[in-house]
Structure formats: C-alpha cells, structure tokens
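Colleague: Use these hints to put chain Y onto chain S, whose structure you have.
Residue numbers (this note's numbering), protein chains in the order written: chain S, 1 to 529; chain Y, 1 to 305.
Quick caveat, the hints were computed from the structure, so don't treat them as lab data. Honestly, I wouldn't trust all of these hints.
[What the hints assert, rightly or not] Pair ranges (Cβ atoms, derived): (1) Y/Asp25 - S/Glu102: 38 to 44 Å; (2) S/Arg277 - Y/Arg279: 57 to 63 Å; (3) S/Leu278 - Y/Thr2: 40 to 46 Å; (4) Y/Ser58 - S/Gly388: 50 to 56 Å; (5) S/Val515 - Y/Asp25: 34 to 40 Å; (6) Y/Val19 - S/Ala147: 54 to 60 Å; (7) Y/Val17 - S/Pro501: 48 to 54 Å; (8) S/Pro63 - Y/Gly16: 55 to 61 Å; (9) Y/Arg71 - S/Arg277: 30 to 36 Å.
Virtual Cβ for every residue (Gly too), placed ideally from N, Cα, C.
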Amino acid sequence: MIAELTGRKAVRSGVIWGYLFGASIASSAFSYTSLYKTRAQRGALAAAYGSNKATAALFGPAPRLQTVAGFTAFKIGMTLMVAGAVWGLLTSTRLLRGEEDEGRWDLLLSGPSSRRGAVVQALVGLAAGAGTLWTLTAVITVVTGSASSVSIAAGPAVYFALAMVATAVMFLGVGALTSQLAATRGQAAAYAGVVLGVAYAIRMIADAGTGLHGLVWLSPLGWVEELQPFTTPRPLALLPIAGLTVVTCLAAVSLAGRRDVGAGVLSDRTQARPRLRLLYGPTGLALRLTRSTVTGWWVAIAASGLLYGLIAKSAGSTIAGSAVHGVFSRLGANGTGSEAVLGVCFLVLAVLVAFVGAGQLTAARGEESTGRLDHLLVGPVSRTRWLGGRLLAAVALLLVSGVVAGLFVWFGAASQHSGVGLAALLGAGLNTVPPAVVVLGVGVLAFGLVPRAASAIVYSYLGWSLLVVIVGGIGAVDHWVLDTSVFHQMVSAPARSPNWPANGAMVLLGTFFIVVGGLAFRRRDIQGA
Amino acid sequence: MTTMAIRTEGLTKRFGVAVALDHLDLEVSPGEVVGYLGPNGAGKTTTIRLLLGLAKASEGRAQIFGMDCERQPVETHRRLTFVPGEANLWPSLTGAETLVLLGRVHGGVDGTYRDELTDRFEFDPTKKVRAYSRGNRQKLLLIAALMSRPDLLVLDEPTSGLDPIMEQAFRLSVHEARDRGQTIFLSSHIMSEVEALCDRIALLRDGALVEVGTLADMRHLKALIVEITFDGPVPDLSGVPGVTAWETVGQLVHCHVKGGIEPLLAVLAGSGVKNFLSREPSLEELFLAQYGGDGPVSPAQHDAG
Chain S
1 MIAELTGRKA
11 VRSGVIWGYL
21 FGASIASSAF
31 SYTSLYKTRA
41 QRGALAAAYG
51 SNKATAALFG
61 PAPRLQTVAG
71 FTAFKIGMTL
81 MVAGAVWGLL
91 TSTRLLRGEE
101 DEGRWDLLLS
111 GPSSRRGAVV
121 QALVGLAAGA
131 GTLWTLTAVI
141 TVVTGSASSV
151 SIAAGPAVYF
161 ALAMVATAVM
171 FLGVGALTSQ
181 LAATRGQAAA
191 YAGVVLGVAY
201 AIRMIADAGT
211 GLHGLVWLSP
221 LGWVEELQPF
231 TTPRPLALLP
241 IAGLTVVTCL
251 AAVSLAGRRD
261 VGAGVLSDRT
271 QARPRLRLLY
281 GPTGLALRLT
291 RSTVTGWWVA
301 IAASGLLYGL
311 IAKSAGSTIA
321 GSAVHGVFSR
331 LGANGTGSEA
341 VLGVCFLVLA
351 VLVAFVGAGQ
361 LTAARGEEST
371 GRLDHLLVGP
381 VSRTRWLGGR
391 LLAAVALLLV
401 SGVVAGLFVW
411 FGAASQHSGV
421 GLAALLGAGL
431 NTVPPAVVVL
441 GVGVLAFGLV
451 PRAASAIVYS
461 YLGWSLLVVI
471 VGGIGAVDHW
481 VLDTSVFHQM
491 VSAPARSPNW
501 PANGAMVLLG
511 TFFIVVGGLA
521 FRRRDIQGA
Chain Y
1 MTTMAIRTEG
11 LTKRFGVAVA
21 LDHLDLEVSP
31 GEVVGYLGPN
41 GAGKTTTIRL
51 LLGLAKASEG
61 RAQIFGMDCE
71 RQPVETHRRL
81 TFVPGEANLW
91 PSLTGAETLV
101 LLGRVHGGVD
111 GTYRDELTDR
121 FEFDPTKKVR
131 AYSRGNRQKL
141 LLIAALMSRP
151 DLLVLDEPTS
161 GLDPIMEQAF
171 RLSVHEARDR
181 GQTIFLSSHI
191 MSEVEALCDR
201 IALLRDGALV
211 EVGTLADMRH
221 LKALIVEITF
231 DGPVPDLSGV
241 PGVTAWETVG
251 QLVHCHVKGG
261 IEPLLAVLAG
271 SGVKNFLSRE
281 PSLEELFLAQ
291 YGGDGPVSPA
301 QHDAG
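Excised from the complex, chain S in its bound form (with noise of 0.2 Å):
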C-alpha cells in the first residue's frame, strides 16, 4: 500500500529528473563533438585541462579529455552528482517525513503496516524511483553513445548512468535516515543538506591540489568520482557507495519502530517561551519565519566562500598562460589566475544567493496556499503593504547575503595572501545581487498572474539560467538562449569588473516584473493550495 504510493511519486519525480540528467548529458556530448572536431583540438584540451588543479576543485578531476566519454563525464559529472544527490535527500524527506507530517499515514499505520514495514514500503517506492531514474538515464546515454559522432559503447554508457545516479540512491537513503531523526521535513531536509555541504566540501579540498587526496575516499561524493566511468573504471568503488545506501536504509528502519508516528527520535520543543522582538507586523513575522532557512544558506555561501578563496590562489597559478586560459574566458573569468577562478567560483554563489530569493518568493505563496495569509489580509494590512514588506525585507536579505559571500571569499583569499583586494571581492558579491533580483522578480510575476505555479516557475527558471550557463560554458549555444539566462547576464567579477550598468538594467527589470506582480496580485482572489 505504502509502497504503492511512495513507488507511484517517487517514479514520476524519476521519470522527470532521469530525462533531465539524461538531457544534459546528451547535449554535453554532443557540442563537445561539434566543438571539438579535430585530433588535434581535443588533444589540446585534454593538455590544457588535465592536469589543472582549479577546474579540478570545482568540477572534479579530468582523465581522458581527448575524449567525448571523458569529456562529458567531467562536464556533466559533478552538477549532476550534486544535482542527483539533491533529488535524492529531497524527494525521501518529501515522501517520508513529509507524508507523516501531513498524516497521510495516519490512516494507512492504523491498519496491519507497522512502523518499520511502513519505512520498508517507502524504501521499496523510492528504490522505484531511484530505478527510473537510472533506467531513463542509461536509456539516453546509450541513445547517444550510439550516434557516431559520439560513439559510446551501450555498456560504458549504463556504468556511466550508474555512476551518475549513485549520488541520487546514497541520498535517499541519508533521506530516510534524517527523516526519523528530525521532527520535521524541514529540518531532515536540512541535516540531510549539511550532510551534502560536508561531503562536497571534503571532496573539493581532496581535487584542489593540496596533497590531501587521500580525502576523496571519506566523501560520498568522492567515491562516485573514482567509479571514473568512461575512463577506467574502477567498479570497486561501488562497495563503499552500496555500503552507505544499505547502512542509511537499514538505520532508518531500526529507528523507525522507536519512535511515535509524525515525531523524530530527536525530541522537538513543543513549548517555549514568548519571544517576541520580531512579531511586530507581518514583515516582522517574515523574517521570523524564514531566518533558520535563510541563515542556513547564509552558513552555505560562508563556506563556500571561504573554501573558495582557499583554493584560488593555489588553483589560479595553474591557469595564468595556459591553454585553458581561453576556455575560462568563455566562461567569462580573465584577469590573474586567482581572479579567473574565483570569478567562475562566484557563478556558484550567484547561484545560492539567487537561492535565498527564489525561497524568500516561495514562503510568501506558502503564506497563501497554507491559508495564513488569511488572517493577516483580515486584519487592517493592506495587500500591498503584506507583499511589499515582504519584499523589501526579501531584497535586504540578499543584499546581505552578497556581502556576506563577497566578505568570506576575502577571508579564503587573504589567508592565502591571494592578492585579491576586499573592494573588488565586496563588489564581486554584491554583483550576484542583480540576478537575484531578477529571479525574484520572476517569482513575483508568476505570483501575481498564476500564483499556483508561482514555486515551480520561480525553481525552473533558476535552474534553467543555471543550466545553460553550463552547457553554454563549452559554448556551443545560441546567442538568444544564453540571453534569457540571468546568470549570463552577470560579469564574473572579480575576473571582470562588474558591468553596473547592465547590473541596473537587471534591478530595473526585476523591479518591473515585481510591480506587474503586484499589480496582478491586488486584484486576484486570493487562492488557496
């Protein structure tokens, strides 16, 4: 029963998301066959990127460049590692502790299904998803290997969907695991993200050249990179990833019979004391309501920051002259080694800080579907005052969360004496704000117009944006697909200095579509789930 309806979710998310991975890692093969058509030309590449530490810190290590296989996995390998990983913790916290949560399954435990065989289904229905995801995946890959530009056999071309999906399996199982342990799906969300954060972490600082890489065998993510599809295969490292899944699943499980149904084994306050500095209006209560998802990704880019900075000097030296200078400048990063990385290391940060807006967007319909807005609008706020507050405070929020990235990096950068200066890293952080209020505006659009769409619309233009900034990064897209992404529109300071310019066009547009929004807004019903 349970597994039925775990299964039935968990497969259409697959299905979505293994057409997603297998998208992309088809069209990362395919303009790297367009792009690089000669011997001689992919030789280089191979020569230029190989052995450079930069490129290994944030994309993974590269073997065998020369190659479409080896390209492609090291393209596409580490976004859809993280990507996968993402799916994974998301959708397992979503179909378990979310489900609990809602008491959806109040009614199917008080029949024969215990606890455990409950958290048993659910593990059968996510490993459904997982399988279509992988099936989808492979299927795609084989599809391309086939063409003979790219010429893949079918079998590398499976192992090379596995690997890619094993992130997705390994966190699902952490999923699982955090959903007994936390109260919420919120915070199994998040101890399942920190999970992540760490595992990235250890692995970045394994790749970046600091003799450490012994480390990339206590990082999950580690472990999926020497699998090393494509090149030569290392299929041993699949015990420790299949160890992982196993442990998390059978852990979740054991837990699941300790503790009550919708609680976690470790215990929430059900009671508290008043505190009430910020509950002084429905702006206040905002900023109440969302600052532990916001200073979680405060946490995120702090530390990203920080480990970026480290690694910039070290992983810059390798690029001033090289070949590889070239490809950097097509992702938009010149300037001295260090500033070349860390410009396409605030791409990143522009991502997360874009991140905070589109959450920022989300909570306030949140505010709407869940029918709390209600009992603000009821009261004398006016709907503008409700939005704009709420706005405001959005754009304050990522204001700061530029400065907080740009202010880290520098703490990275001047321990390593790098040589970048914290003008140019503050205005490189505050660079990621634009886009972010475009994504915001975005969102406020969506809101106004077709508010039960509003989440989806705001997440896939982030992840659009995101998307063809990669896969434009090899440059084979047009030049109006690059355009509608926000993050193209971004100089990757501090490689450039930011255009403030187009930076204005960006704030003006995103002010645009949040007064449209807002407009829409005021004269809609307000609509419910």
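Modeller: This is chain Y only, laid out in the frame that chain S set:
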C-alpha cells in the same frame, strides 16, 4: 438612516461559468446577531470571503459600516475580526506568540479581557501551535477574534472541533458581545447554536437567499408538531381541519397542525388521551423542510390536506 453593519447589493461571484453567488441582497443592522445557514456548497464561505476582501466580486458590491469592502479594505478590517472554520496557523509559533502577533496586527486589544477569555476557554498558551489539537487551535482563533472587541464579528463555523463545555463558553462570549452592542454574523451548521444565539436567520441555497427572517417569523409559516399518546383505541383524526401528515405508531400519533390547535383539542376531549406534547419545529426541522422534504415519511402516514 442608520448605517448597516453589513450590506450587499446584487453581490455576485462567478468562477468561470459556475455561479457561486447570485445577486445577493443582504442587510445586517448594527447590534444584531444574524445566522447564515445553507447546505454545503451554497455559497456561505464565498459570501464571507467577498465581505472580507479575500475574493473579488464579479458584480455588485458589499459594504461594511458604509465602507466598500473592496475599495477600503483596511478601514473595514479595522472594525471587524474573523474566525474561520479551519485553523491554519503558524506551527512554529506558540499560542501566546500568535495572540500577541494577531493583537499587534489588528490593534485595540483589551489585555484583561484576553486573559479572561484564555481562562474561560481553558487554553494553555505556552505550547507551540503544531502541538495543539484541532479544538485548541480553534480556541486560539476565537480568543484572538474576541479579544479586541470589534464592532463586527464574522464567524464561519467557529465552534467546529469544540466540545460542549467550550461550546457553552463560546455562547457566553457571544452573549457578552451582543450585550455590548457588537454585531455578529454567524455562519454555522450547528442548528441549536444558531437557534440559541441569533436574532435573525438567513437561509442560502445555490447562491441565492431563500428565506430571511426571525425564527418566530419562520415558525409562523410552519406547522406545530404534536405527539399524542392514547390509552385506548386511536381515533381517526383525518377530518380535523389543520391536521396534516399524521402517522400512527401503536398508541402514539404524530402529526403536524397548521393554523390553530383548537379544532384538534375539541376532537381529543374525552378520547382517552394519556399524553399530549406539542412543540414548535426546531431550526433543524425547518432547515430539512426547506432543503430536503417535510420530515420523515412512513407508510402509515396520512395526509388530511
């Protein structure tokens, strides 16, 4: 002319082609307690959402204390509070924090009265909202609405989930509010509650008002319900003027009497009556008569009409 507390003129709401509310004309005077009844899907919640500005009217207008609901939402909301039937609140806040927040948003809170209400409803404000049962969340909303003593209270099934003791606490609070001159607009399914509290009742069906009036008015139009238990054989009452829908179960006769009971009493004198019970129809029976047939029908039923 006094300003009406609530006044709608031709208020209409369409969702696509479906008409949820069809040219509603309703008036509520200040200080009245009005009950708003109707089957599920009649348009009661739609009416309330239009009054509160949460939805926009397709046609017509609504005014609260003379101010347009759509064009002057902030001013109208200053004078009213609302209790919805579903308590969707912020799970991470405690009861006390929620009360403070809603109080600050609305303004005009009487702190002493709030504490009195908290005691009366036996409400523990220290717990987080996610730890409350449904009934407790409903109590929280009731306290929040009552504590600022608004000129107009709009209540949409406010006691769903409350036990009978708390239902009594609610009725006491409504009586207090009415005595202070506050206006109350109550939409409810609990007939006994509406009967006990309301001065006037409006019945809604398929988006249109089918009856508005006091309970006395409505009863006047309906028959008295009479139950007679006989010692001996049951006489034939079919010829008695005003007696309708009578049925016999053993020694018990159950019938409706319209237009005066004197003819029936004249026939019954000396017929061996052991017990005689007469009562006015309850609101539930009026409601069922309006919406779904005239009470239970059995094979033994006779109609003298």
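Colleague: Work down the list of hints and note, for each, if the structure agrees.
Modeller: Do the hints match the structure? See the list:
no.	hint	verdict
1	Y/Asp25 - S/Glu102: 38 to 44 Å	41 Å, holds
2	S/Arg277 - Y/Arg279: 57 to 63 Å	58 Å, holds
3	S/Leu278 - Y/Thr2: 40 to 46 Å	42 Å, holds
4	Y/Ser58 - S/Gly388: 50 to 56 Å	27 Å, violated
5	S/Val515 - Y/Asp25: 34 to 40 Å	37 Å, holds
6	Y/Val19 - S/Ala147: 54 to 60 Å	58 Å, holds
7	Y/Val17 - S/Pro501: 48 to 54 Å	50 Å, holds
8	S/Pro63 - Y/Gly16: 55 to 61 Å	59 Å, holds
9	Y/Arg71 - S/Arg277: 30 to 36 Å	35 Å, holds
The structure fails to meet hint 4 from the earlier list, while all remaining hints are met.
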